[in-house]
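K.L.:
This is what each chain is made of:
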Amino acid sequence: MKRVVVTGMGVVSPIGTSIPAFFDGLRTARPGIGEIISFDAETFPTRIAGEVGQKPDLPQWVDEMILPAILRDPKSCFALAAAEECLKDAFGDEEPSQFHNPDRICAYIATGLEILHLQDLVRHAGVNTLDGASILQSVMDFPPWSRIQTPSHLAARAIAKRIKAHGRFIVNVSACAAGTQALGEAFLAIQDGAADMAVTGGYDSMINPLGVGGFCMLEALSTSNHLGGAASRPFDADRDGFVLGEGSGMCVLEEYEAARSRGAKIYAEVLGYASSLDAYRVSDPDPEQRGAVKVMDLALKRARFLPDGIDYINVHGTATRKNDPNEARAIRRVFGKSTETIPVSSTKSQIGHLIGAAGAVEFIVGVFALKEGIIPATINLDHPDSECKLNHVAKTPRKAQVRSFLSNSFGFGGQNAAIIVGAVD
Amino acid sequence: MNEVLITGVGLHTGFGDTDETWRAICEGASAVSSYQLPGIPGFPEVLGVPSAPFSPDEFLEDRKIKKYMSPPAERAIVAAGRALRSAGLLGDKVRSSDMALFISTGIIPFDVPSVSRTLNACRTDSGELDLKQMGDEGLRTCHPLMPFKMLHNMPLGLVSIVFGIEGENFISYPDAEQSGMGLETAFRGIQKGRFPRALVGGGVQGLSLAPLTMLLKQDRIALADGENQHGWVMADLSAFLVLESAEAAQKRGAVPLAKLAGVEVGRQSSEKAERLASFWLQCGQGQGPDAVVLTGSLGPTDDEFHEKAAKLAWPHDAPKNVPGIFSFDKHLGYAGAIAPIAAIGLAAIMVAKHQTPSWFGLPSCRDILVAACAPDEGSFAACVTAPEATK
Chain A
41 MKRVVVTGMG VVSPIGTSIP AFFDGLRTAR PGIGEIISFD AETFPTRIAG EVGQKPDLPQ
101 WVDEMILPAI LRDPKSCFAL AAAEECLKDA FGDEEPSQFH NPDRICAYIA TGLEILHLQD
161 LVRHAGVNTL DGASILQSVM DFPPWSRIQT PSHLAARAIA KRIKAHGRFI VNVSACAAGT
221 QALGEAFLAI QDGAADMAVT GGYDSMINPL GVGGFCMLEA LSTSNHLGGA ASRPFDADRD
281 GFVLGEGSGM CVLEEYEAAR SRGAKIYAEV LGYASSLDAY RVSDPDPEQR GAVKVMDLAL
341 KRARFLPDGI DYINVHGTAT RKNDPNEARA IRRVFGKSTE TIPVSSTKSQ IGHLIGAAGA
401 VEFIVGVFAL KEGIIPATIN LDHPDSECKL NHVAKTPRKA QVRSFLSNSF GFGGQNAAII
461 VGAVD
Chain B
-3 MNEVLITGVG LHTGFGDTDE TWRAICEGAS AVSSYQLPGI PGFPEVLGVP SAPFSPDEFL
57 EDRKIKKYMS PPAERAIVAA GRALRSAGLL GDKVRSSDMA LFISTGIIPF DVPSVSRTLN
117 ACRTDSGELD LKQMGDEGLR TCHPLMPFKM LHNMPLGLVS IVFGIEGENF ISYPDAEQSG
177 MGLETAFRGI QKGRFPRALV GGGVQGLSLA PLTMLLKQDR IALADGENQH GWVMADLSAF
237 LVLESAEAAQ KRGAVPLAKL AGVEVGRQSS EKAERLASFW LQCGQGQGPD AVVLTGSLGP
297 TDDEFHEKAA KLAWPHDAPK NVPGIFSFDK HLGYAGAIAP IAAIGLAAIM VAKHQTPSWF
357 GLPSCRDILV AACAPDEGSF AACVTAPEAT K
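Protein chains in written order, with the working numbering: chain A, 41 to 465; chain B, -3 to 387.
Treat the hints with care, since some could be wrong.
Stated by the list, open to error - Computed beta-carbon distance windows for the label pairs:
id : chain 1 : residue 1 : chain 2 : residue 2 : range
1  : A       : GLU259    : B       : LEU219    : 36 to 46 Å
2  : A       : GLN138    : B       : LEU141    : 47 to 57 Å
3  : B       : GLY189    : A       : ASP422    : 24 to 34 Å
4  : A       : GLU75     : B       : PRO34     : 38 to 48 Å
5  : B       : SER30     : A       : GLY233    : 47 to 57 Å
6  : A       : THR263    : B       : GLY24     : 58 to 68 Å
7  : B       : SER110    : A       : MET105    : 26 to 36 Å
Because the hints were derived from the structure by calculation, they are not lab data.
Where is the CB? At the ideal position from N, CA and C, for every residue including glycine.
Extracted from the complex, chain A is given alone in its bound form (with noise of 0.2 Å):
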């Protein structure tokens, strides 16, 4: 099997839209979550996310026929931005394909879901009808992708084309799960042998009034719309759901005897990855833990580490009433004696919920724990929830020797995904 290691990171996230800023956002605790600006949210329920701001600049590679269509999607604004900043990351400016072989570059891509222009939308609408002849005018004067709704695959094809990714390109759409599912199904083609390098991570934004609606009417986000920054409380007795964020989180990965023999800077080893289904209910995890204890269980057998081998978990922790103490519970199972000497920490707290990106942009937490040697807090754990006990890193960042890390996503229906990353010697 070979190895694999992580040689570029890039970020959009709402406390910084490049590493540098965001690991200062980690280091100094500050949160990301306030009102929405994005669009007039005054009537709905909840008011408030982790938003981005001024989108980042795009690079200049964006193909022209895409173009419109990637400026009307803030995600893939995001994505193409931390993709750019990962690969300028591991490669400078040389090409990867000046390193490997195209046909065995990959892009391994989360996202989410697709952009109902609802602006445009709105002047089709009839009741229980659609205007098919205004419909075809206006998709017909728009180049060159839909009027009314934008596929979301588009940003994560144009940076397979970036790379000259010749060989395996995927789309995961798994949700909350999609960015670990990306990272873990990367490295699983790379100790395969059936790769040598890979672009992967996640991007998404569902801070719209679709994205924003559709979670309030499942009655899933946070309503705290008074506590602005301090509304995202995973593991606090007083959570009331999670707060929606948006963002991206790119990486490269390499097999490990290529970025030695090109001399690349290595930040980490990814040490093992699995994926699992609850296969229980569609809107709630199951109570007994079966899939979260098994996704844990497999990551740390494949990785080859025992329970107490982890220095850190980067939990899913959403702070939605059900989510926190079922993970808290397969932590508990998993991890025995050593859950009380293993921190943990919720980094949703700060930038809210990213979904499609969630995974990714919380493993570039993990490095920076093992980079930096500091562990982001849960930031407004307050009281934390007795269901919920953990060894928390509550409120502020705590130093310590990070040599490995265990993160965890799971997503609503079902899916769960854990990754392990170590320390490069």
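Based on these hints, arrange chain B on the given structure of chain A.
P.N.:
Here is chain B on its own, set in the frame of chain A:
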């Protein structure tokens, strides 16, 4: 490395279930008809293949779960159930974490009446969107379960819940290349011993507004009444395969339909032909295939390109004749993310039955290369052979 077998196939097409589809294909029938998008008057009629009537009820222990299902999810349940039944794995036997699940899905169709109702509720007198009305009245007009029908990952969750599948998984999107990735991941996972069996496939609604508008814009869609009757004919379709390691299949006494000798995925059309040729050789089928089945090739340009690619893929020094090149797309329509899985399923049936559709002009096929193209450079190929075939 473990040998990978196809032990189950499940389809739901314009003709109906797996057997009905196979019979219709053998007869050379076509399910293509004129199709008007429901709830969208004024939109051009297209040539398309809506799926035959179906119900997932026979596979649901608790029918309440149906309220969470979009049409593509319902279609996926039906084909997944048929694939598991065909493999002898339906019921308690599948309730295990040994089975992986890799699903592909298309662009999410929206329910026109409910979306237009909501849009109407948030429209000003001048026809503009009023977000204040949306947060207030607009949300109240939405069905509370609408988000479940819009989320991409729901077919994955629903198939896992209905059939008790707890293993490795993902759902990918939105075209043929992506079902190739699901297939390749399953194939590699079984080969490497990560899991002994996998269910691979999905359900798509190709005949929905977004894909059709995109293809219309690119002048690729076949219109029922107009000049472009030779473009793509989109379909609503679902298909699943059960893949197993030879050891796992043998252990439970399963009769394999075919062997999956190899799966190759990649991008870059300029090199596609060379990649196919190299792939076929890598799979060890030195004799070359008896037939090449293409999918994603309904326009004349695609046909020409595919034919060239397939002919180039043929190892010229092999002793057999150049293989016949066929496509089921003209019969089933093209179902994007799922078309290749359906084509592989039909190829496996051909191998298992030692029979080919009469229009193939071949008595039987032992080795079949299934090659698929996505609209944007992505492609994949799978090598389906008789189970006893050896390298």
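K.L.:
Compare the structure with each hint and give your call.
P.N.:
Cross-check of the supplied hints:
1. A:GLU259 / B:LEU219: 36 to 46 Å: Check passed, 44 Å falls within 36 to 46 Å.
2. A:GLN138 / B:LEU141: 47 to 57 Å: About 51 Å separates the Cβ atoms of GLN138 of chain A and LEU141 of chain B, which means 47 to 57 Å holds.
3. B:GLY189 / A:ASP422: 24 to 34 Å: violated (48 Å)
4. A:GLU75 / B:PRO34: 38 to 48 Å: Roughly 40 Å apart at Cβ, these two residues keep to the hinted range, so it holds.
5. B:SER30 / A:GLY233: 47 to 57 Å: holds (50 Å)
6. A:THR263 / B:GLY24: 58 to 68 Å: Once the Cβ atoms are compared, 60 Å apart, the range 58 to 68 Å for GLY24 of chain B and THR263 of chain A holds.
7. B:SER110 / A:MET105: 26 to 36 Å: holds (33 Å)
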